[in-house]
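Going down the list, the protein sequences come from chains D and W.
Heads up: the first sequence runs through residues 291 to 402, numbered per my numbering.
Heads up: the second sequence runs through residues 67 to 178, numbered per my numbering.
Do not take every clue at face value.
[To be verified] Just a few of them, taken from the derived set where beta-carbon distance is under 10 Å, the chain W residues facing chain D: (1) S88; (2) G129; (3) Q165.
[Stated by the list, open to error] Rough simulated footprint, nothing fancy, chain W against chain D, three-plus residues with beta-carbon under 8 Å: (4) 348-358; (5) 389-401.
Don't read these hints as lab results, they were simulated from the structure.
Just so we're clear, the structure is a prediction, and the values are computed from it rather than from any experiment.
C-beta atoms are modelled at their ideal positions from N, C-alpha and C, and glycine is treated no differently.
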Amino acid sequence: KQEVTQIPAALSVPEGENLVLNCSFTDSAIYNLQWFRQDPGKGLTSLLLIQSSQREQTSGRLNASLDKSSGRSTLYIAASQPGDSATYLCAVRHTGGFKTIFGAGTRLFVKA
Amino acid sequence: DGGITQSPKYLFRKEGQNVTLSCEQNLNHDAMYWYRQDPGQGLRLIYYSQIVNDFQKGDIAEGYSVSREKKESFPLTVTSAQKNPTAFYLCASSIDSDQPQHFGDGTRLSIL
Numbered sequence: 291k292q293e294v295t296q297i298p299a300a301l302s303v304p305e306g307e308n309l310v311l312n313c314s315f316t317d318s319a320i321y322n323l324q325w326f327r328q329d330p331g332k333g334l335t336s337l338l339l340i341q342s343s344q345r346e347q348t349s350g351r352l353n354a355s356l357d358k359s360s361g362r363s364t365l366y367i368a369a370s371q372p373g374d375s376a377t378y379l380c381a382v383r384h385t386g387g388f389k390t391i392f393g394a395g396t397r398l399f400v401k402a
Numbered sequence: 067d068g069g070i071t072q073s074p075k076y077l078f079r080k081e082g083q084n085v086t087l088s089c090e091q092n093l094n095h096d097a098m099y100w101y102r103q104d105p106g107q108g109l110r111l112i113y114y115s116q117i118v119n120d121f122q123k124g125d126i127a128e129g130y131s132v133s134r135e136k137k138e139s140f141p142l143t144v145t146s147a148q149k150n151p152t153a154f155y156l157c158a159s160s161i162d163s164d165q166p167q168h169f170g171d172g173t174r175l176s177i178l
């Protein structure tokens, strides 16, 4: 059974710092991995989608990497800003099924 | 603008009462999903529909029911059989089951 873990559960950093969020999964037979952002009381906004054949994806100050063999993905945020404060979730789609398994998220707070 | 609309934003349920959460999308997506989010946990799949007039149970379907009579609508009914319904409910859609999911802003359900 696929399990997705995100560590740390919460993170506080000063503005301007580069940071890395971690996501690990137990079954490497994945179809794709997606990173989402969730603001308080809101739905999820897709940030980056990495297909199983890809190693990384980039969008602006965000870079997501995927290492299937070790069961890990990282989300790198460059030059963090207070507006980046939110909960970041990773989600894994398994090759053997339709469902997407979500991690519990990392709550990020960027201090001005 | 195209998107997913969930209503109401807040909903209260009395003991023994069924309540229905609305989800409408104008993205012309075939697939739609319902998730439940509890504090400190990842999203859990309640039901999903890959095409109109068809739907399947997710991981936690007990106490819930859905219908998919129209492509743009996927309402979720929380029945009195669901003994712990207090949660944040998120609806999502995707072009098909292989594409990224887009989320609504959620409905927060509480017990009176």
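Evaluation of the provided hints:
With a least beta-carbon distance of about 14 Å to chain D, the hint placing S88 of chain W at the interface is violated under the 10 Å criterion. For G129 of chain W, the suggested interface contact is broken, since its CB lies about 19 Å from the closest CB of chain D, more than 10 Å. Hint status for Q165 of chain W: holds, given a least beta-carbon distance of 9 Å to chain D, under 10 Å. Counting residues of the segment 348-358 of chain D whose CB lies closer than 8 Å to any CB of chain W gives 0, so the stated coverage by that chain is violated, three being the minimum.
Under the rule that three or more residues need a Cβ within less than 8 Å of chain W, the assignment of the segment 389-401 of chain D holds, with 7 such residues.
Hint violations for this structure: numbers 1, 2 and 4, all remaining hints satisfied.
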